[in-house]
Amino acid sequence: MKANWGRVSLYKQLWSEELLQKHLVETALFSKEVLLSSIEKYKSVLIKPAFGSGQICISLINGIYAIRSYQNAMTTDSLDEAYEYIVENEIHWKYAIVQPSLLHAELFPNHFPYIATVHRDSPSAEWVFIPEPKKNHPSLGKFIFENFIRKLKKLAILTAQSLGNTFPNCNTVVVEMIYNLQGDIWIQDTILHPPISKWSQYQTLVTQASLRSYVPHTALLTKISLHDFLEKYKRVIIKPCLGQEGKGVATISLTSHGYELHSGRKTLTMSTLDEAYQFIEKNYLSKKYYLIQKWIPLITIDDCPIDVRVVTQKLDSIWYVTGKIVKVASQDYMITNVAQKLLTFEDAFHQAKLPYMNIDRLENKINQMCIAASHTLEKENPNISLVGFDIGMTSATHVFIIEGNYTPELSMFNLLDDKTMYRDILNFKKRSSSPF
1 MKANWGRVSL YKQLWSEELL QKHLVETALF SKEVLLSSIE KYKSVLIKPA FGSGQICISL
61 INGIYAIRSY QNAMTTDSLD EAYEYIVENE IHWKYAIVQP SLLHAELFPN HFPYIATVHR
121 DSPSAEWVFI PEPKKNHPSL GKFIFENFIR KLKKLAILTA QSLGNTFPNC NTVVVEMIYN
181 LQGDIWIQDT ILHPPISKWS QYQTLVTQAS LRSYVPHTAL LTKISLHDFL EKYKRVIIKP
241 CLGQEGKGVA TISLTSHGYE LHSGRKTLTM STLDEAYQFI EKNYLSKKYY LIQKWIPLIT
301 IDDCPIDVRV VTQKLDSIWY VTGKIVKVAS QDYMITNVAQ KLLTFEDAFH QAKLPYMNID
361 RLENKINQMC IAASHTLEKE NPNISLVGFD IGMTSATHVF IIEGNYTPEL SMFNLLDDKT
421 MYRDILNFKK RSSSPF
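Numbers 1 to 436, taken from the working numbering, label the letters of the sequence shown in order.
What the hints contain is simulated information worked out from the structure, not anything from laboratory work. Note that the structure is a prediction, hence the values are computed from the model and not measured. Do not take every clue at face value.
Unchecked claim - Ranges of calculated distance between the beta carbons of each label pair, as one might list FRET restraints: (1) Lys287 / Asp77: 26 to 36 Å; (2) Ser31 / Arg423: 51 to 61 Å; (3) Lys154 / Glu275: 36 to 46 Å.
We put the beta carbon where it would ideally sit given N, CA and C, even for glycine.
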């Protein structure tokens with residue numbers, strides 16, 4: 001049977017590693033019998049989809065079953081009623097799994113989460129542990145905490161090695177772990193990120209020293225990262241790890257009035273971080289895994305942000321820049337996924353009225369950056385021959401790779417009055433796919 005990326009399959013794969021067995025959180029397919037036995041044993045359990053994001057927590061405290069999902073919450077004194085409610089109102093997945101919830105503060109005090117990313121540049125490269133940016137734990141001394149990190153690192157790398165052997169096309173693994181003050185460590189979840197994932201792409205780009213300064217600071221979206229990024233940058237953008245065309249993207253700002261979330265033309269203000277994060281859980285994290293990224297104050301035309309779509313294509317192992325178009329965001333939009341107009345590179349920067357900008361020098365810098373990024377991404381994904389980069393600019397010398405897309409929308413080039421660039425891209429695509 002072919003292995004898949006589902007939670008049950010990954011659990012079985014990791015269970016085959018003897019050194020990992022005692023660290024694995026028990027995982028079983030959801031059923032009424034499994035739910036009953038798990039609640040009786042652990043008092044608090046998580047129900048998750050076999051594939052993807054989302055979770056439901058059910059806890060038994062003083063004879064009351066408390067159920068909480070990203071969308072709803074309810075209580076009952078009947079397990080049958082709790083089961084029926086979950087099946088009828090909460091589970092929208094074909095298959096689900098049940099795990100103990102070891103982070104329930106009342107039932108499991110002094111248990112703490114730790115999220116680590118393990119990445120390799122290619123299937124033949126060594127796995128590298130990328131710790132979450134966390135200071136020493138307040139209940140632990142520096143030496144003890146560093147010893148914890150060494151253990152977490154060892155387990156995370158062993159986890160990635162095991163899964164990487166089974167899934168050679170996956171070069172980024174997120175390992176969600178739990179530890180307590182007695183020194184116990186559990187692996188709660190593993191999420192595999194394919195090369196098309198923006199999180200995998202980010203890890204690939206920042207490992208290249210020459211590109212690191214061009215990539216905005218990015219992290220997995222959690223309540224902690226939301227707090228830390230807003231404290232540091234005041235405005236951030238959240239985006240799904242897997243997605244394109246700006247779908248599911250929003251900006252969040254820390255203002256004197258609270259937390260302001262901007263999506264499309266809609267703005268919502270919330271007074272506390274808890275309120276903001278609960279809204280994000282319900283409307284974003286319940287559907288997909290998300291990243292949080294430093295907001296880039298883009299150059300504007302008539303107060304509308306702009307960015308540059310740069311197309312690179314590979315022919316005979318050489319990368320070329322074959323297209324460049326500027327997207328102007330619609331009025332009141334903070335990102336360019338809804339563009340009011342498309343301009344050539346030269347026209348856009350004349351309209352931006354930045355006379356101090358040397359356009360030729362800027363264009364050359366962007367070209368070199370995108371070609372270097374294409375070479376770097378190719379190491380992780382050797383089959384790519386086309387990349388569409390979204391490039392943001394804040395000044396003549398400050399440019400950023402917002403993201404790259406392996407299936408970019410090319411029809412926008414056909415909307416320019418001059419169709420030459422569009423025809424060149426299509427001709428280049430035919431030549432690169434030709435066997436001769």
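The hints, checked one at a time:
1. Here the CB-CB span from Lys287 to Asp77 is close to 32 Å, well matched to the stated 26 to 36 Å.
2. The hint said 51 to 61 Å for the Cβ distance between Ser31 and Arg423, and at roughly 58 Å that hint holds.
3. At about 38 Å, the CB distance of Lys154 to Glu275 agrees with the hint of 36 to 46 Å.
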